[in-house]
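Asker: Chain by chain, the residues run as shown.
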Amino acid sequence: MVALVIAEHDNAHLKAVTLNTVTAAAQCGGDVHILVAGSGCGAVAEAAAKVAGVAKVLVADAPQFADGLAENVAEQILAVAGNYSHILAPASAFGKNVLPRVAAKLDVAQISEITKVDAPDTFERPIYAGNAIATVQSTDNVKVITVRGTGFDAAASEGGSAAVETVAAVADSGKSSFVGRELAKSDRPELTGAKVVVSGGRGMGSGDNFKILEPLADKLGAAMGASRAAVDAGYVPNDWQVGQTGKIVAPQLYIAVGISGAIQHLAGMKDSKTIVAINKDPEAPIFSVADYGIVGDLFEVVPALVKELG
Amino acid sequence: MKALVAVKRVVDYNVKIRVKSDGSGVDTANVKMGLNPFDEIAVEEAVRLKEAGKIDEVVAVSCGVQQCQETLRTAMAIGADRGIFVDTTDDLQPLAVAKLLRAIIDREKPQIVILGKQAIDDDCNQTGQMLAALLGWGQATFASKVVIEDGRAVVTREVDGGFETLALPLPAIVTTDLRLNEPRYVTLPNIMKAKKKPLDSVKPADLGVDVTPRLKTLKISEPSKRSAGVIVSDVAELVRKLKNEAKVV
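Note that the protein sequences, when read in sequence, are chains A and B. Residues in the first sequence are numbered from 0 upward in steps of one, following numbering that gives the first Met the number 0. Residues in the second sequence are numbered from 0 upward in steps of one, following numbering that gives the first Met the number 0.
Just so you know, the hints here were simulated from the structure itself, not pulled from any lab data. A quick note: this is a predicted structure, and the numbers were derived from the prediction, not measured. Just so you know, not all the hints are guaranteed correct.
[Said to hold, decoys possible] Taking lysine-lysine pairs in the DSBU-like style, the calculated list, with each CA pair at most 35 Å apart, reads:
#, chain 1, residue 1, chain 2, residue 2
1, A, Lys14, B, Lys240
2, A, Lys272, B, Lys19
3, B, Lys144, A, Lys184
4, B, Lys215, A, Lys104
[Stated by the list, open to error] These stretches of chain A come out as covered by chain B in the derived footprint (C-beta under 8 Å, 3 or more residues):
#, segment
5, 61-71
6, 85-96
7, 110-122
8, 125-137
No residue lacks a Cβ here, since even glycine has one placed at the ideal position from N, Cα and C.
Given the sequences, and given the hints that come with them, work out the whole structure.
Answerer: Here it is as structure tokens:
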């Protein structure tokens, strides 16, 4: 059995969530290979070869892979899929976009967002916004899987010495073309990988008020997140959204400020190690999952907390 | 040109679901059901494209038990012109649904197919992509903006870290994200009108599709519960606990 991990990258850096996917792949038993499909992605292939536990890196380097178009990347995966028993990708916007195409072409089911490997053919995954855990067994000969990064530890990014092998690139499918990209700039840690996350909700009242969370996030070296309500109200960009349909996080410390704690939001953060809730409504559902709660006005509590942290 | 939208009947998003004590599944008896929220957005988008004169007809499709016809009536009350009900009591997984939809698309020949990005029950996020693969069409998933122009769809997608825009020659598959639109409220007159719209029924066997599940669900369990927390009286106590008990700062 050999598992193939589809690397997520921006042609310069290997995305951290790939490392969690490698750990899940290793738990499926057998060797782990990584496919890097990109354009000018030599540095990514080198980084992938250093990941502990990886036996081989396949590189498909061509302009049609520059923007991670699903049609092209899926065809490339199919071109090398031949002898792999498992094909895994991170359950990120990239992995979710590409992998079901691969599964359908192979005529197999995909197992989405696994959080645990019970056996090489048996996996656990959350359903109903994380309110139930399904244990599923695949009867297909190839297991096509997306991996929830927060469910697995990251493989060490150093220590491996995998062979790097260049594979022939498939032709451009012509079924879609890239027009442009608009990425939010941030100096803060990436939300999904951060050790501490400070999130604001509708209770923040306005986008400007999110500024009062910044000193707290700075002090803790935290990423900033938000509930869907705050995103829909236009307070902050949508890629800050933590929840069932946004990012899934599991930091050491999650501080929820002015967030009531709807089911949809809890699905994105309830695996955090320690949860702190700051809310003026003592009945808010967020207090039912919080390890520590403060009932009070966030506009007083947050500055006081920054001060107390020294 | 024609648009096809796929709609799923799911447990209402406000319902706090209960896992059956024997681990066989989630209790859906006497639970409020409704149109999957992402599919509602898909129907709304198709209807808006029709109102903008970009397409002529909106066909809604739903696969599953008899009550899915109610879900189709809701789609028609939003503005879909007619419905197709794929009648089966089998446990349908995304690959099977994608194959059923492909068979219907072969008959209906729509130029654009819009689905929700995921259903809020199985949380799979697969059907649209699988359908695109089976048809050999381009896909634009997690759409927050759709423009039809010059025989192509220009779609802005929500990706990690921001947005990206793709152009796809038609026919193509689009899956909707939350912020694509705000679905309209269905009014009583439109609910009444929807009852008169055509609704065809078809069986998977008529479509020549094998819907046998590929994944076997061994058990459904409750997620591990978090132990009850404490309400602290002030910020000083909170910081003390975070430092000494939780050791996270």
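Asker: Quick check: which numbered hints come out false for this structure?
Answerer: Violated: none.
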